[in-house]
Structures are given as structure tokens and as C-alpha cells.
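Line by line, the protein sequences give chains A and B. Counting with our numbering, you get residues 1 to 270 for the letters of the first sequence. Counting with our numbering, you get residues 1 to 265 for the letters of the second sequence.
Hints should not be assumed to be uniformly reliable.
Keeping only pairs whose Cα atoms sit at most 20 Å apart, straight-line, the calculated EDC-like set for lysine to aspartate or glutamate is [said to hold, decoys possible]:
{"no.": "1", "chain 1": "B", "residue 1": "K159", "chain 2": "A", "residue 2": "E106"}
{"no.": "2", "chain 1": "B", "residue 1": "K159", "chain 2": "A", "residue 2": "E164"}
{"no.": "3", "chain 1": "B", "residue 1": "K159", "chain 2": "A", "residue 2": "D81"}
{"no.": "4", "chain 1": "B", "residue 1": "K159", "chain 2": "A", "residue 2": "E57"}
{"no.": "5", "chain 1": "A", "residue 1": "K190", "chain 2": "A", "residue 2": "E208"}
{"no.": "6", "chain 1": "A", "residue 1": "K220", "chain 2": "A", "residue 2": "D207"}
{"no.": "7", "chain 1": "B", "residue 1": "K159", "chain 2": "A", "residue 2": "D99"}
{"no.": "8", "chain 1": "B", "residue 1": "K159", "chain 2": "A", "residue 2": "E156"}
Some chain A residues flagged as far from chain B (calculated, every beta-carbon gap over 12 Å) [stated by the list, open to error]:
{"no.": "9", "residue": "E7"}
{"no.": "10", "residue": "G54"}
{"no.": "11", "residue": "D68"}
{"no.": "12", "residue": "A70"}
{"no.": "13", "residue": "D99"}
{"no.": "14", "residue": "A124"}
{"no.": "15", "residue": "G141"}
{"no.": "16", "residue": "I184"}
{"no.": "17", "residue": "G242"}
Facing chain A, according to a computed beta carbon distance under 10 Å, are these residues of chain B, among others [as the list claims (entries may be wrong)]:
{"no.": "18", "residue": "A82"}
{"no.": "19", "residue": "D154"}
{"no.": "20", "residue": "A160"}
{"no.": "21", "residue": "A161"}
{"no.": "22", "residue": "Q162"}
{"no.": "23", "residue": "D163"}
{"no.": "24", "residue": "Q170"}
{"no.": "25", "residue": "K174"}
{"no.": "26", "residue": "P178"}
{"no.": "27", "residue": "P256"}
Treat the hints as calculated values from the structure; they're not laboratory data. Idealized CB from N, CA, C, for every residue including glycine.
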Amino acid sequence: MDVVADEVSQVWGDDGPHPVVALDRFSHRFRSGKFSCLLGPSGCGKSTLVQIVGGLETATGGSVRIEDPARPGTAHPLGADSVMVWQNLNLFPWRSVIDNVAFGLEMRGLPRDERYEKARALIASVGLTGFEHHRPAQLSGGMRQRVALARALIMERPILLMDEPFAALDAQTKIVMQEELTRIFEATRKTILFVTHAIDEAILLGDEVVVMTARPGRIKDVIPIDLPRPRSLDLVNTKEFGALFDRTFHLIREEVTKAMQQQAAMAAGA
Amino acid sequence: MSKRPGKAMRTFEAVLPALSIVAFVGIWELLVRLHGIAPIYLPAPSSIAVYLWRMTADGSMAFHLGATLLRIFVGFAVASAAGVLLGLAMGMSRTVARVADIWIAALYPLPKISLIPLLIIWLGTGELYKIMISAITAFFPVVISTYAGIRQADRGLIKAAQDLGADWRQIQLKVIIPAAIPSIFAGLQLGMGVTIILVVAAEMIGGSGRSGMGYLLISSGQVMETEKVFASLIVMAVMGAVIMKSQQWLDRRLAPWAVQDDGRL
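Generate coordinates for the entire structure from the input sequences, incorporating the hints supplied.
Written out as C-alpha cells, the structure reads:
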């Protein structure tokens, strides 16, 4: 599924005295089966954009279409083809691992045996067999992250929306999860929109990096990442990776400085 | 790094609460005996124990305790059912919340014992009066905590459920209500506390019928049977502790995720 963003804008508090433009006429076609990373400073509207794509926020301007590339012009409703993995995971604390993973199937009305069977397979695929009946609070951060991933993957949606999913993990766990996600992507070829503020993560994972400006969020540049797949962490030491990193870094540095100045100005004004 | 206490020290700390009670009773007994205090003012623990035993043996304690417990549980059941239902309705409907809010704001701060004259006029001095006064009082903490729990449901969890295909009804049943459980349980604990207080108060004030711990307490006090007064107080303290602790235990069993690291809700 292609995700086509057409002049998408999001203004917070536009009926008040101080409207904040989070997203400003963002246009881009996220291609089917590609891993796209959205990279930008805090507050540039990248999380807002994925929530709009997922049908969980309504844009104040422009539109997002979900298109089957084989049948252009047939738009699908937002949210029906995508599933979200959240930065703070949003696991249900009162549900066991298996009931968290099976949540979406339960909402569809699948009988318990059937959804448990599928959930067990997903839990096994993320390496959590034996933890089916633990509660999220009883797991480590990396394990909780795997539960969140399994809960999204069980939906079998062609589009995976990921909002800084690994931001809260420690460095080692993050590497393992990045490798895991690469493996899943290369096996399933889902369309992935991955929000991050880590340059190395964006280049390592993505087929393209959409660099965004500080608020108001616009596209600054789109960098294609033509590194070969299957990818592994060894890529980080190659000359090509270094060149891509430098190019991205110079684009993003200006924007981060701008974002920091904006935040300082807001703090001074508040 | 704090120094870990030794094993002997930890054992001592574990028995310290019980030890303090034993020491308190011992000093009390000694003081009464050494100074020859009249039992009408302060009976010795040993003579209270004798009375307690007699009242247990002749069944009068069980009779009064049973009457009080029955009123407590009926009052609590009425209050919690009504409170949870209205709290949930307020959480799900803005209209219900707006209407109920003004009533709660007006009636919650009103001391419920000030309703006693009216309730007696309307309901008489029998069982209905005692149950109603305790149920009305317990209703407020339950409804307020339930509504607060619903309103404080994590927006992120609601969005996640929506993303996973939950409709409005499923979000209410599978996300918002479970998320409110810790708050609802906290309200039920507060409600149980005031139910106990109000049932005993109603048995003491205005209630007819010669039963209940409140009746036992006030009738013993009127004839200066101070030993019986103390015996009733002890039984009531134990009754309260057992009810509150059982409720906490039950809450932990039903909602283990809601328990904080220190084991409290």
C-alpha cells in the first residue's frame, strides 16, 4: 500500500490566540514495501503525521490517501490498513502478554482458542515463549517492546506505523530490536513509516530518510538509502554509511539548532 | 548504600507491633491494680477479658456483632452498586456527568448525620433507616472515585485500542473500565470505612431495636458497665481491622496489576 500525503497541515489551537503550526503542507508518497524513516527535531510534527496516517488524528488541512499501487485511484479508509507501534508502547497493564497480543483479534470477535493459537505463534516469533501469562510490569523494557511489536504484527496490516519505538531502550537492547525489525521487514516487505530522531537508526533501517524541518514541520530533503539488503549492524562501519550519515547530519544540524532556539524563546515567553 | 539490618534486628522489628500492644496492656493492668482505680472509670484488662469471655459464651456478643455486620454489608452493597453504576454512567455520558455533578457538589459536603432527623421521619427507626444512612454516606466516595477513575483513563491506551480496531463499546468495556479499577477499589475501601462508622452511629442514635454493636455500647454506657463498653470497643476495633484487611486482600487478588510495589493500592 502506498501512503500518499498531500499538503497535510496540522495546526494546534487555531481558534485561540496562539495557534501552533505542527505540520505545514507536508507532501510525500511513501511507497509500498519500502521502509521510510521520518527524521527531525522534537516538535517537528513527525508523530502527528503518523497518527494522521493511522486515522487517529484529523489533519486540519490537506489529505492522506492509502492507495493500492496496482489499482491507482482507489483510496482506502485511513486506519484500516495500518497499525501503530507507540513510543510508550501503550500495553494494557491488566492484560497478560498473550491477551495483549491477542487484543486486536478479540476486538474482531475471534474465539479464544483461535486467537490464542495465533498469538502464541507471534509470541514465539519475537522470542517470548514462556512469558505468555506474565503481565507487562513483570517484563524488561526490551521484552515489553517485543510484546508491542507482536500485538501490531498479529493484525497483519500492510502498513506499520512506528513512532520512535526504540527511543526508551538501552543501547544494547536497541541494537537487538533494530536487527529484529530489519529481519521482519525483509521477510514481510510491509510499508513502514518509522519516526526517529536518531540519524544512524534512520540510515541503518530505512530505504529512504525524510528529513523534516523544525516547527513548522516541512520536508527539508528526502535522502534515498541505497545500501544493500539484507542489512546488518556491520553496515555502520562502511564508507557509504559514513557518507550518508554526514550528509544527513548536516541537514539536521541546522534544524535542531533552530528547534532549540524556538524552545528557548517559548520558555522565555512563558 | 544503607546498612542491611541483621537477622535478629529484623525479627525484633517484625514482632515490635505485637510487643507494643502487650506492653501497653501490661502497663494498664499494673496501673489499675497499683492505684486501685474504680472499674467504673477504668477496668483492668483482665476484668474486661472476663466480660468479653462471658458475653461470647452467652451468645450476646455474636448476636450484636452479627446484626451490625449484616447492616454493614447490606449498606455497603447498596452504596457500592449505586455508586459504581452512577460513576460509570457519568464517565460515559457527558449529560449524566453534568447533571450528577451539581448534586454531588451540593450533597457530598453535607454531614450525613444531619440527615438523621429526616430519615427517621421518613423511614422510622428500624432497619431501613440504619441501612440508608450508611449507604447514603458510603455512596459518595464510591461514585466520586469511580468517575475520577474513568476520567483519568490513559488517552494513549484508548488510542491504542482504537488503532487495534476496538469500537466505542469495546473501548468502554475493555479499556476504560479496567483502567478505572484501581480508583474504583480505592473508593470502595473509603466507602466501607464510612459504612462501618455510620451503621454503628445509627445504632447508637435514634435507632430502635435492641441489637447491634452501637446499641450494646450505648446501653452498657448508660448503666455504667464500663467493662462491657471496653469489650464492645475491642470487638469493634477487631471487626474493622478484619473487614478492611480482607477487602485489601481481595482487591490484590482481583487486580494484582493495580498494586504498587509496597503492596498498597
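For the hint on B/A82, just tell me whether its beta-carbon gets within less than 10 Å of chain A. At about 25 Å, which exceeds the 10 Å cut-off, the nearest Cβ of chain A leaves the hint on B/A82 violated.
Separation of A/E7 from chain B, once the least beta-carbon distance is taken, above 12 Å: For A/E7, whose nearest Cβ neighbour in chain B is about 24 Å away, the distance exceeds 12 Å, so it holds.
Distal placement of A/G54 relative to chain B, Cβ over 12 Å: violated (6 Å)
Over 12 Å from every CB of chain B: does A/G141 meet that, or does the non-interface label fail? holds (17 Å)
Let me know if the C-beta of B/A161 comes in closer than 10 Å to any C-beta of chain A, holds or violated. For B/A161, the interface hint holds, since the closest Cβ of chain A sits about 7 Å away, which is under 10 Å.
B/P178 was flagged as interface toward chain A. Is the shortest Cβ-Cβ separation under 10 Å? holds (5 Å)
Non-interface label on A/I184, tested against every C-beta of chain B at 12 Å: Holds: least Cβ distance 18 Å, greater than 12 Å.
Satisfaction of hint between A/E156 and B/K159, Cα-Cα up to 20 Å: holds (19 Å)
B/K159 paired with A/E57 [C-alpha distance capped at 20 Å]: holds (10 Å)
Interface hint check: B/A160, Cβ to nearest Cβ on chain A, cutoff 10 Å. Holds or violated? This interface hint holds because 4 Å falls under the 10 Å limit.
Sort out whether A/D81 lies within 20 Å of B/K159, counting only the CA atoms. holds (16 Å)
Say whether it holds or is violated: A/A124 keeps its Cβ farther than 12 Å from all Cβ of chain B. Given that every Cβ of chain B is farther than 12 Å from that of A/A124, nearest at about 20 Å, it holds.
Checked against the numbered hints given earlier, the structure breaks hints 10, 13, 18 and satisfies all the rest.
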